[in-house]
Amino acid sequence: MVVIWWKKRRGIVCEQAVRLMAGYLDGVLPEADRARLEAHLAECPHCSEHLAQLRIAISAAGHAQPDDLPEKAIDDLVAVFRRWQRE
Amino acid sequence: MDDHQLVERLRGGDEGAFVSLVRQHQPGLLRLAESIVGNRAVAEEVVQDTWLAVCKGADAFEGRSSLKTWIYTILVNRARSTATRERRSEPVDNDAYHGCFDSSGAWATAPVPWSEKVDDEIVARQFAKLVSQVLPDLPDAQQQVLLLRDVEGLPAAEVATLLSISDGNQRVLLHRARCSIRRHLENAMGGEWS
Numbered sequence: 001m002v003v004i005w006w007k008k009r010r011g012i013v014c015e016q017a018v019r020l021m022a023g024y025l026d027g028v029l030p031e032a033d034r035a036r037l038e039a040h041l042a043e044c045p046h047c048s049e050h051l052a053q054l055r056i057a058i059s060a061a062g063h064a065q066p067d068d069l070p071e072k073a074i075d076d077l078v079a080v081f082r083r084w085q086r087e
Numbered sequence: 001m002d003d004h005q006l007v008e009r010l011r012g013g014d015e016g017a018f019v020s021l022v023r024q025h026q027p028g029l030l031r032l033a034e035s036i037v038g039n040r041a042v043a044e045e046v047v048q049d050t051w052l053a054v055c056k057g058a059d060a061f062e063g064r065s066s067l068k069t070w071i072y073t074i075l076v077n078r079a080r081s082t083a084t085r086e087r088r089s090e091p092v093d094n095d096a097y098h099g100c101f102d103s104s105g106a107w108a109t110a111p112v113p114w115s116e117k118v119d120d121e122i123v124a125r126q127f128a129k130l131v132s133q134v135l136p137d138l139p140d141a142q143q144q145v146l147l148l149r150d151v152e153g154l155p156a157a158e159v160a161t162l163l164s165i166s167d168g169n170q171r172v173l174l175h176r177a178r179c180s181i182r183r184h185l186e187n188a189m190g191g192e193w194s
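Listed in order, the protein sequences are those of chains B and X.
Going by the UniProt record's numbering, 83 is the number at position 83 of the first sequence; the sequence numbering is gapless.
Going by the UniProt record's numbering, 43 is the number at position 43 of the second sequence; the sequence numbering is gapless.
Source of the hints: derived by calculation from the structure; they are not laboratory data.
All figures in this text were calculated on a predicted structure; none of them were measured in a lab.
Here a beta-carbon is modelled for each residue, glycine too, at the ideal position from N, C-alpha and C.
Fair warning: there could be bad hints in the mix.
[To be verified] Derived Cβ-Cβ restraints for the label pairs, each shown as a range:
1) 84(X) <-> 69(B): 44 to 54 Å
2) 87(B) <-> 187(X): 21 to 31 Å
3) 187(X) <-> 78(B): 40 to 50 Å
4) 71(B) <-> 102(X): 49 to 59 Å
5) 16(B) <-> 169(X): 18 to 28 Å
6) 4(X) <-> 71(B): 53 to 63 Å
7) 13(B) <-> 129(X): 29 to 39 Å
8) 136(X) <-> 86(B): 17 to 27 Å
9) 80(B) <-> 8(X): 29 to 39 Å
10) 15(X) <-> 27(B): 14 to 24 Å
11) 190(X) <-> 71(B): 35 to 45 Å
12) 71(B) <-> 14(X): 17 to 27 Å
13) 75(B) <-> 53(X): 37 to 47 Å
14) 75(B) <-> 167(X): 17 to 27 Å
[Unchecked claim] Simulated crosslink set (DSS-like; lysine-lysine; CA at most 27 Å straight-line):
15) 68(X) <-> 129(X)
16) 129(X) <-> 72(B)
17) 129(X) <-> 117(X)
18) 72(B) <-> 68(X)
19) 56(X) <-> 72(B)
20) 56(X) <-> 68(X)
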């Protein structure tokens with residue numbers, strides 16, 4: 001009984017916390033893992049900083065749109081579209 | 001215009017609908033294709049084939065996924081067939097955290113704190129530019145997942161399905177890619193923006 005209590009209560013180390021972050025950011029961590037990670041984050045400034053930096057990386061990627069399309073590329077594809085329609 | 005309206009117009013041979021789709025998706029498709037076939041010219045051919053397949057197959061679109069996911073699925077299948085024909089090898093996928101932790105699982109070197117400095121729009125735009133620059137250097141599989149998830153904003157389950165990988169594998173690849181991007185941002189923060 002004591003062993004079961006200990007297993008439920010033990011915390012996680014930084015390496016485990018970092019590996020749980022992917023599921024955490026996707027909102028798919030099981031409840032127990034989420035609670036353990038959040039308990040660790042509350043006490044570990046390094047992991048909290050790492051998570052904040054990952055969120056910035058995600059936000060930056062969200063703004064990393066490819067360059068605008070040259071009009072010539074659109075014209076070429078429209079020509080393909082017209083050829084296909086004539087087939 | 002929503003997906004169904006666009007597809008209806010495409011089925012009717014509407015060139016305007018085609019151009020609208022091209023403007024919206026061509027740059028992203030091209031970037032993803034290049035990450036799979038490893039060559040810009042071949043990627044352009046793959047994307048052109050994809051558009052033809054989209055036009056020819058518009059009647060088959062049932063709306064079970066978004067139109068965007070459907071188009072990207074066609075692209076990935078075609079690009080992979082092409083890459084297989086050209087026998088392109090995948091680079092080794094390294095663990096993003098190798099050497100980061102000591103034997104107890106604690107940080108071997110604590111992360112340098114910089115997240116609080118990133119709160120202005122100019123830095124965010126500079127970061128986006130940096131992400132575009134470093135994306136091609138990521139291992140192909142990581143690059144593809146990051147492009148679809150974080151740049152194109154497709155849902156996790158759809159990305160796993162269209163790349164034919166498990167949800168867990170998709171998440172591992174994405175996490176590694178994000179960690180690489182984070183490392184590049186950290187280097188940048190230690191340089192010109194510090």
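For each hint, the structure was consulted:
Between residue 84(X) and residue 69(B) the beta carbon distance is about 28 Å. The supplied range of 44 to 54 Å is therefore violated. For residue 87(B) and residue 187(X), the hinted distance range of 21 to 31 Å is not satisfied, since their beta carbons lie about 52 Å from each other. Roughly 42 Å separates the CB atoms of residue 187(X) and residue 78(B), a value that falls within the hinted 40 to 50 Å. Separated by about 56 Å at the C-beta atoms, residue 71(B) and residue 102(X) satisfy the suggested range of 49 to 59 Å.
At roughly 19 Å, the beta-carbon separation of residue 16(B) and residue 169(X) lies within the given 18 to 28 Å, and the hint holds. For residue 4(X) and residue 71(B), the hinted distance range of 53 to 63 Å is not satisfied, since their beta carbons lie about 28 Å from each other. For residue 13(B) paired with residue 129(X), a C-beta distance near 36 Å keeps the hint of 29 to 39 Å intact. Evaluation of the 17 to 27 Å hint for residue 136(X) and residue 86(B) yields a failure: the beta carbon distance comes to about 37 Å.
Distance hint for residue 80(B) and residue 8(X): a CB-CB separation of about 21 Å, inconsistent with the stated range 29 to 39 Å. Between residue 15(X) and residue 27(B) the beta carbon distance is about 41 Å. The supplied range of 14 to 24 Å is therefore violated. In this structure the supplied range 35 to 45 Å holds for residue 190(X) paired with residue 71(B), their Cβ-Cβ distance being about 40 Å. Our hint of 17 to 27 Å for residue 71(B) and residue 14(X) holds, since their Cβ atoms are close to 20 Å apart.
Between residue 75(B) and residue 53(X) the CB atoms are about 20 Å apart, so this pair departs from the stated range of 37 to 47 Å. Between residue 75(B) and residue 167(X) the Cβ separation comes to about 40 Å, which falls outside the hinted range of 17 to 27 Å. A distance of roughly 24 Å separates the Cα atoms of residue 68(X) and residue 129(X); the hinted pair therefore holds under the 27 Å criterion. With a C-alpha separation of about 24 Å, the suggested pairing of residue 129(X) with residue 72(B) holds against the 27 Å cut-off.
Pair hint residue 129(X) plus residue 117(X) holds up; C-alpha atoms about 18 Å apart against a cutoff of 27 Å. Only pairs whose Cα atoms come within 27 Å are accepted, and residue 72(B) paired with residue 68(X) is accepted, the gap being roughly 23 Å. Of the pairs offered as hints, the one joining residue 56(X) and residue 72(B) holds, with about 23 Å between alpha carbons and a cut-off of 27 Å not exceeded. Taken as a hint, the residue 56(X) and residue 68(X) pair is honoured in the structure, with Cα atoms around 16 Å apart against an allowance of 27 Å.
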